[in-house]
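Chains as they are written, first to last, in the numbering used here: chain U, 251 to 814; chain X, 251 to 814.
Just so you know, the hints here were simulated from the structure itself, not pulled from any lab data. It is possible that some hints are incorrect.
Because identical chains cannot be distinguished in the list, a pair is counted as satisfied if it fits within a single copy or across any two copies.
Claimed, not checked - In silico BS3-like cross-links for lysine-lysine, where the CA-CA straight-line distance does not exceed 27 Å:
| hint | residue 1 | residue 2 |
| --- | --- | --- |
| 1 | Lys-442 | Lys-611 |
| 2 | Lys-551 | Lys-703 |
| 3 | Lys-714 | Lys-551 |
| 4 | Lys-429 | Lys-711 |
| 5 | Lys-500 | Lys-598 |
| 6 | Lys-551 | Lys-429 |
| 7 | Lys-442 | Lys-551 |
Protein chains: 2
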Amino acid sequence: MTIRTLSYLPRLSSPDQRTAPAPQLHQPASKIVNLVPSDLSRGMNADYGVPTELAGPLQQRRALYQPRLPPCLQGATVRVEYDDATTTIDPTGAHAVAQAFPRTYGQRLVTFLSPDDTAGAVKAVNERQPIRVGVVFSGRQSPGGHNVVWGLHDALKVYNPQSILYGFIGGTEGLFANKTLEITNDVLASYKNQGGFDLLGRSIDQIRSSKQVSAAMTTCQDLNLDGLVIVGGVTSNSDAAQLAETLVQKNCKTKVVGVPVSLNGDLKNQFVETTVGFDTVCKVNSQLISNVCLDAISAGKYYYFVRLMGRKASHVALECALQSHPNMLIMGEEVALSKLTLMEVINKICDGVQARAELGKHHGVLLIPEGLIESIPEMYALIQEISILHNNNVPVTEIPTQLSPWAAALFQFLPPFIRRELLLHQESDNSAQLSQIDTEQLLAHLVEAEMIKRTKEGRYKGKKFSSVCHFFGYQARGSLPSNFDCDYAYVLGHISLHMIAAGLTGYMATVANLKDPVHKWRCAAAPLTAMMSVRRHLRGPGAIPIGKPAIHPSPIDLKGKAYE
Amino acid sequence: MTIRTLSYLPRLSSPDQRTAPAPQLHQPASKIVNLVPSDLSRGMNADYGVPTELAGPLQQRRALYQPRLPPCLQGATVRVEYDDATTTIDPTGAHAVAQAFPRTYGQRLVTFLSPDDTAGAVKAVNERQPIRVGVVFSGRQSPGGHNVVWGLHDALKVYNPQSILYGFIGGTEGLFANKTLEITNDVLASYKNQGGFDLLGRSIDQIRSSKQVSAAMTTCQDLNLDGLVIVGGVTSNSDAAQLAETLVQKNCKTKVVGVPVSLNGDLKNQFVETTVGFDTVCKVNSQLISNVCLDAISAGKYYYFVRLMGRKASHVALECALQSHPNMLIMGEEVALSKLTLMEVINKICDGVQARAELGKHHGVLLIPEGLIESIPEMYALIQEISILHNNNVPVTEIPTQLSPWAAALFQFLPPFIRRELLLHQESDNSAQLSQIDTEQLLAHLVEAEMIKRTKEGRYKGKKFSSVCHFFGYQARGSLPSNFDCDYAYVLGHISLHMIAAGLTGYMATVANLKDPVHKWRCAAAPLTAMMSVRRHLRGPGAIPIGKPAIHPSPIDLKGKAYE
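Please model the complete structure; the sequences and the hints are all you need to start from.
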């Protein structure tokens with residue numbers, strides 16, 4: 251037996267390999283419980299949502315945390331206050347947005363407050379009808395996603411214990427096919443404050459084509475839903491706005507509510523301070539980067555090229571740089587703004603390596619956001635051409651021969667592993683699979699070549715340049731959520747219920763004052779259309795056509811305070 | 251400015267990017283303190299051993315931990331008990347070891363106990379002379395290394411406050427050049443319970459050539475050292491034995507003591523239960539693997555190929571598999587024993603993928619030790635040939651042309667990125683740079699090709715196989731040590747002092763009963779020569795010639811309990 255599956259793995263109590271059982275700072279996800287052969291670490295079955303024991307002591311301890319609520323959400327009822335009507339954050343696009351969303355454009359901002367009149371509020375509770383809500387994960391798993399479901403569930407049961415919450419199994423695919431799991435306290439028990447989206451899973455992350463929209467509507471009608479909560483990022487919330495508009499137009503009673511969950515942190519605007527998951531991912535990655543920094547200085551001989559998640563914006567990389575202090579951060583936004591070519595980026599890095607060598611230092615740590623590659627003009631153009639050929643169903647093997655002469659020349663210049671990765675099939679939103687492109691290896695490779703060249707030319711006299719490459723992506727994404735994300739997600743779940751109860755549709759649940767303690771948080775809801783803009787230039791091979799209103803990823807503000 | 255160095259990074263108090271300041275489970279290495287432009291995360295200067303503020307709140311909290319000591323080490327003196335004389339763990343090699351180490355072979359086992367007669371012990375303390383000790387990091391940084399120095403320092407000052415501890419700056423290079431830092435409480439303050447080896451650094455990790463041995467002896471004499479403590483793994487402790495023998499032969503009074511610090515966990519034998527760092531690295535990696543497992547099951551569409559450290563033995567991978575429950579573990583020891591070829595390994599993985607697809611599962615997690623590639627017979631032969639050509643100073647570009655026809659054919663079959671990595675320059679011990687060979691990508695690449703082939707032949711009907719590759723190496727190595735490693739390292743530091751005081755040389759500090767609480771730990775010292783064996787077959791392109799006695803990495807016992 252060479253390849254061992256779980257069924258053969260011994261229990262940890264076997265003494266040979268076990269390390270000492272003293273209480274530990276880094277507790278492992280240890281203890282093998284209820285193992286199903288060949289299955290994964292939570293002892294989960296093939297089906298989603300099966301209540302299971304938690305995998306290890308750390309998970310168990312984490313499950314005990316009770317997220318906090320601001321005062322307005324602590325009672326059985328809230329007061330709903332309507333503010334000004336909204337336009338869009340992009341005034342020049344207002345007309346296009348208004349035309350595309352005739353029924354849901356221009357809605358008013360909403361704030362949730364503690365009730366003025368407690369006696370009246372209690373009376374109101376007794377007159378309430380049970381409410382029926384569905385929830386779906388759409389978009390990449392982010393730490394905290396489970397707590398949105400938990401908060402929604404708790405608020406729903408306080409609203410009226412007869413209320414029902416359905417989770418769609420397998421993400422949007424489950425929504426289209428009406429595959430549901432009723433969310434109960436028992437189901438939630440092993441998912442409270444836990445990472446991943448494995449309570450329900452996720453799949454194609456789109457509710458966009460008319461077939462998809464109509465399948466979603468049919469499910470809402472079949473389940474007689476009062477509300478549908480869509481948990482996701484930029485594109486999922488654009489889809490939520492479209493679905494809300496369609497349901498209103500077709501007189502379907504289901505209210506559509508979006509919840510901002512995305513580890514990239516790029517769903518930020520005047521209504522949304524941050525997304526669920528961003529805090530955790532930055533903290534976990536910063537810890538790993540700090541470890542690598544210590545490693546670099548201990549041996550003093552390697553440059554570490556660390557790629558971080560962040561396709562359209564470098565938020566994660568910038569935040570991690572602030573927390574962990576690497577030597578260099580190469581921000582996509584800056585590269586794009588300065589229109590730096592690939593070789594200019596390489597030369598800047600080499601200049602840094604050379605300057606450090608003159609100080610006697612032959613080690614360092616560089617952070618690279620995965621979206622960097624699309625920020626380099628000539629690489630962007632190449633990826634664009636490949637994307638168009640993909641969309642025209644040109645076979646992968648023929649793509650290199652159909653490129654323009656300049657794109658073909660660049661393609662041939664790149665190392666073979668990057669060529670292969672550039673040709674990979676695309677993401678569900680038709681953009682390049684940036685997470686699969688080893689940009690850090692490309693840079694390390696070219697920096698090494700340039701340093702060898704400088705050495706030969708006598709311009710560099712330091713030690714041989716050596717690099718180690720890392721991609722810190724998926725290992726943070728599945729992490730246990732931070733207290734902040736536990737609280738924030740749980741609060742957003744509560745707000746979602748109150749939005750549905752208030753009859754709001756095409757809105758996103760939001761919280762303001764997140765830098766203050768939880769009791770000062772301001773709970774609100776903002777129309778999704780108010781967050782939209784209209785792109786006149788294609789930015790990245792995304793699926794949203796030019797001129798179509800959508801919520802777009804917000805890049806880092808190069809005039810903003812954090813950047814300065 | 252595109253490439254930003256630390257001097258330009260803002261403080262975390264800038265509000266734009268900062269995430270909420272709630273108390274967190276995963277605390278970041280945040281807070282920018284005393285930043286030196288262009289330097290690393292601990293705010294360290296170019297020089298080693300400069301006392302600095304700790305980088306973040308987690309590091310600060312960690313520094314408060316006081317490691318525990320077993321009763322025998324809590325007083326100012328210990329009782330030294332001599333047990334039986336030793337031979338070697340390899341009876342057939344005993345003669346060769348005895349010949350190579352005429353002065354240090356066959357020494358007795360030593361145990362340290364609480365003193366019988368406290369009054370006598372106190373009297374003894376007053377008659378003690380100050381003691382002079384040097385300590386050097388040799389080998390890869392492992393969490394806990396700093397606590398060896400801390401324990402040694404504390405024991406030394408209790409022994410006689412006039413005693414002096416020197417740390418060699420820059421590892422063995424500092425030893426040869428007599429570059430020292432006097433270790434004081436002030437120096438230690440910001441390194442207690444911290445990861446990395448950055449208090450002193452490390453470099454070439456060898457005391458082997460006669461030039462190196464004689465430089466080390468000169469330093470010991472110049473500093474008038476009573477003892478030299480070498481902190482390291484398998485090869486460093488082999489070197490320690492050789493140095494001890496030489497110093498005895500040359501009538502140098504310095505006693506040489508080895509301390510088992512290695513994250514690979516391969517320095518294990520009847521005297522050594524585990525090495526410092528192994529516990530931490532397995533726990534941190536297991537947590538990351540658990541995160542990846544959650545991620546895999548959430549999206550349900552990727553196979554994750556995770557490579558782990560472990561050159562000659564798969565201890566880390568096995569322990570992590572026990573803690574985190576992946577789907578497959580490919581152990582080098584098993585592959586070597588069964589003499590599985592590369593394509594047999596690939597086919598076994600593909601069979602697993604296919605079996606899971608029939609259960610409707612298109613995701614999974616595989617663990618791969620970095621040493622796996624040398625366990626595959628034909629790959630081993632290829633690496634061997636390349637190594638020999640390297641040693642004969644054949645230029646890298648010509649190596650492919652000078653391979654044997656079969657090795658050349660295999661080399662050409664491999665993807666270009668692996669070909670490039672195989673030709674990399676070698677480690678300090680002349681072995682291949684396994685950490686730089688992306689074995690996980692090689693396997694993922696070949697598995698994908700095989701799954702496409704099976705699809706075309708109609709043997710596989712599941713969804714398209716997709717993989718994501720990770721190397722969990724350096725990010726765990728720099729981690730904060732676990733409580734266990736903090737305690738274990740601190741205790742070993744104490745034992746080292748008592749060994750020197752007892753006049754032992756060519757010994758390793760050891761602790762038995764590590765699975766029990768600290769108060770039951772048994773403190774001892776074992777002759778390094780007793781751990782030696784003589785290899786008759788070359789195992790991996792290591793530097794230790796056939797027939798020369800050495801401490802060898804212990805592979806996983808395929809008949810052992812952990813494996814079963």
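Hint check:
no.	hint	result
1	Lys-442 - Lys-611	between (46 Å within a copy, 25 Å between copies)
2	Lys-551 - Lys-703	within (19 Å within a copy, 42 Å between copies)
3	Lys-714 - Lys-551	within (9 Å within a copy, 41 Å between copies)
4	Lys-429 - Lys-711	between (65 Å within a copy, 24 Å between copies)
5	Lys-500 - Lys-598	neither (56 Å within a copy, 53 Å between copies)
6	Lys-551 - Lys-429	between (54 Å within a copy, 19 Å between copies)
7	Lys-442 - Lys-551	between (43 Å within a copy, 24 Å between copies)
In this structure, the one hint that does not hold is number 5.
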